[in-house]
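Listed below are the residues making up each chain.
Number of protein chains: 2
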Amino acid sequence: MSFEIQSLFASKLPDPAPQPFSGFPRYNFVGGHNDATSIPVQALKAAALRVLDAEGASLATYYLTSGPQGHLPLRQFIAKALARNAQMGDGAENILTTSGSLQALDLVNRLLLNEGDTVIAEEASYGGALGRLKRLGVNCRGVRVDQDGIDMQELRSILEDQKARQAPVKYIYTIPTVQNPTGGVMSLERRKTLLQLAAEFDCVIFEDDCYADLLWGAPRPRTIRSLDAAAAQAQGRANRVIYCGSFSKSIAPALRVGYLIADWTVLAQILPLKTDAGTGALEQMVLAEFCREHFDDHIAGMQKMLKRKCDVMVEALNRSFGAAAEFVAPSGGIFIWITLPEEVDTTQLAAAAAGHGIAINPGAEWTVDGAKNRNRLRLCFGHPDEETIRVGVAKLAEICHEIFRVPRYAGNIQQGK
Amino acid sequence: MSFEIQSLFASKLPDPAPQPFSGFPRYNFVGGHNDATSIPVQALKAAALRVLDAEGASLATYYLTSGPQGHLPLRQFIAKALARNAQMGDGAENILTTSGSLQALDLVNRLLLNEGDTVIAEEASYGGALGRLKRLGVNCRGVRVDQDGIDMQELRSILEDQKARQAPVKYIYTIPTVQNPTGGVMSLERRKTLLQLAAEFDCVIFEDDCYADLLWGAPRPRTIRSLDAAAAQAQGRANRVIYCGSFSKSIAPALRVGYLIADWTVLAQILPLKTDAGTGALEQMVLAEFCREHFDDHIAGMQKMLKRKCDVMVEALNRSFGAAAEFVAPSGGIFIWITLPEEVDTTQLAAAAAGHGIAINPGAEWTVDGAKNRNRLRLCFGHPDEETIRVGVAKLAEICHEIFRVPRYAGNIQQGK
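Read top to bottom, the protein sequences are chains A and B. Residues 1 to 417, numbered by the UniProt record's numbering, are exactly what the first sequence covers, in order. Residues 1 to 417, numbered by the UniProt record's numbering, are exactly what the second sequence covers, in order.
Hints may contain errors.
Copies of one chain are not kept apart here, so a pair can be met inside one copy or by any two copies together.
[Stated by the list, open to error] With a cut-off of at most 20 Å between alpha-carbon atoms, the simulated EDC-like pairs for lysine to aspartate or glutamate come out as follows:
hint: 1; residue 1: K80; residue 2: E386
hint: 2; residue 1: K304; residue 2: E315
hint: 3; residue 1: K163; residue 2: E4
hint: 4; residue 1: K134; residue 2: E4
hint: 5; residue 1: K395; residue 2: E326
hint: 6; residue 1: K372; residue 2: D345
hint: 7; residue 1: K45; residue 2: E55
hint: 8; residue 1: K12; residue 2: E115
hint: 9; residue 1: K12; residue 2: D106
hint: 10; residue 1: K307; residue 2: D385
hint: 11; residue 1: K372; residue 2: E342
hint: 12; residue 1: K307; residue 2: E55
hint: 13; residue 1: K45; residue 2: D161
hint: 14; residue 1: K80; residue 2: E93
hint: 15; residue 1: K307; residue 2: D35
hint: 16; residue 1: K163; residue 2: E365
hint: 17; residue 1: K307; residue 2: E326
Everything labelled a hint here was simulated from the structure, so no lab data went into it.
Here chain A stands alone, though its shape is the one from the complex:
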């Protein structure tokens, strides 16, 4: 009897995975992977021992003993760290730990969006967030962004335009601190203007702060959520900002622990949407125990390492691409956003590079208006070691030269000069 299981699949599914995983590329300039040498293995081991001794038996109950918002000691650490580093006033009761910040994105989308709703995102933004909005059938409008964050004038005009169309904006998605991919940091003034505009046009701000721990070039600015706190309290209303963060970038991406911070009104409605019966408890326990003692030192070390790797990447780009690659070196994070001459199509470049074991994010996948950004690309420097960065960028320049005659001279030749 014949049987085509595909004929029973639901409608409107995303494309299937093309094939099983076959290993990472040699020159891996995509994804939020860390440097293998940065994993604090010894301290994690010690934390695991201590916490299993103290609380191991609590693994017997769903959610340990803390309930569905997540492991209380971890939420307490998050609250304390954010109070200290970003002037956040939220206590553990406003925190929900999630299975990575990706689950946080899914939960916020599920909470707020119906098909056809409108959302505003920075014109260049996290591909995973943009892809989600596309799959949900949401109208996503891009707003100009520079190294100081969103262009507030353009933001106002988009908000006005959507209001005029009677399709008001549901939320504004922003990565204000170490913006992905530009690496910019939204100024305090613009943060305040953003809040005023969100109030005027009655929409939510979704503040994705996943890279903020990795800002090395300046003190970490106040979060947008913290800036709305006093007004919200005075007016007896919910804070307009839903905030998310993660330990993926600061500690280890394979640990799937992120968090959402919002008022109870929001969390109460998100909890029944989080249908996984809690985020991995062992990961939360070990993180809480590790972070209590080591977080600040670990972050300082990460920043130092990333700054060095960023310098190596900048040097490699200058050497191999010369003036053809325009970029602003970021003051934090793990990526550089690069503009190449108009004639370069980075989607095509990515496909060719893949054949040589080089992975890059083409601009079309990291922007709201992909067609307008085909000459841009994102390169991540968090994972590859310094030599891999140098060799990989040189190879990429060669491939780019071969296809597009950009840079004018191939990397090797320039290097020889």
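Position chain B against the provided structure of chain A, taking the given hints into account.
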């Protein structure tokens, strides 16, 4: 400026959480919690040390080094254990680790179901699965079930009826081994008939085997998926059965690790639906390392402990409820399914019991046709210790007596006789 964030929420959301978590009830007869004394803390510690030493640095990359299907050593263990214990032939390549089996349910539903589709479930079944189908707007039909599994004659007539209505059944959801809540085990003969019917009516079987490791009264039967394997191979088609399992019941529920087993055709389409960038890696690593050495011994110990607690529960029920409580003592698992006289409404009983720190699952929440099962209830004995079981059941009988005059004599009085 006033701001009601609720006015921006999406339509069709489930009820919000009523209030933050405030601790577990004293007499906790609900949920798949384990006994705190059953957590193998020392062995988990040793496993954590070994695996962090050997593979800790791999936490630096998403999915460790195994890709989105999950940690390869854990998938290899699952394949080996199921081959040994349940004659499964699937290799690691057919396994996807999930964030608990609940995520597996969500993924299979997302893969197969549109609103309005029809699904068949055992008339008494896992409340979490039934609740999901309800929220999805799926037509869920219950089929009679006894201690040997689904009534195949009734199943055929439902399948025929749905075919006649031109609304063929998408999948049959079954918990064949240690059925939740009846504790029954589907006979081999019925498993084969089930496969024939699914083939005849062209639907998928979703085999939920989350409790099968805890069967103590008989050898573990072959899985339905394994029974379809030879025919599927001979006919060059996908196996009709999507299988899920979990470590929540066998090791610890707070570790959020379950798994789906299916052909690549199915997994390829499920992978892009699993949007959390992987299940917690530390949990998978520690489980893989622990299980390699200790799984069989640990399971044997769990079975012994659960059998003893089941005996205590049965004794307590007989003592406190006498002939008023009808049930078949299960030969595995963590729960007993009880029928009380018609006049008892267990939804009302559950509400009253909650006021005394006693939590039970009323029949209405654990059955497809809730109205017909208001005199049934599920009691879990996996978590409470023996004394708590005794006292809790006696108290429950007193409360039941007070409201419904059932049992005829209150537990204490009977006990004194």
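**OP:** Could you tell me which of the numbered hints above are not met by this structure, giving the numbers in increasing order?
**Re:** 1, 4, 12, 13, 16
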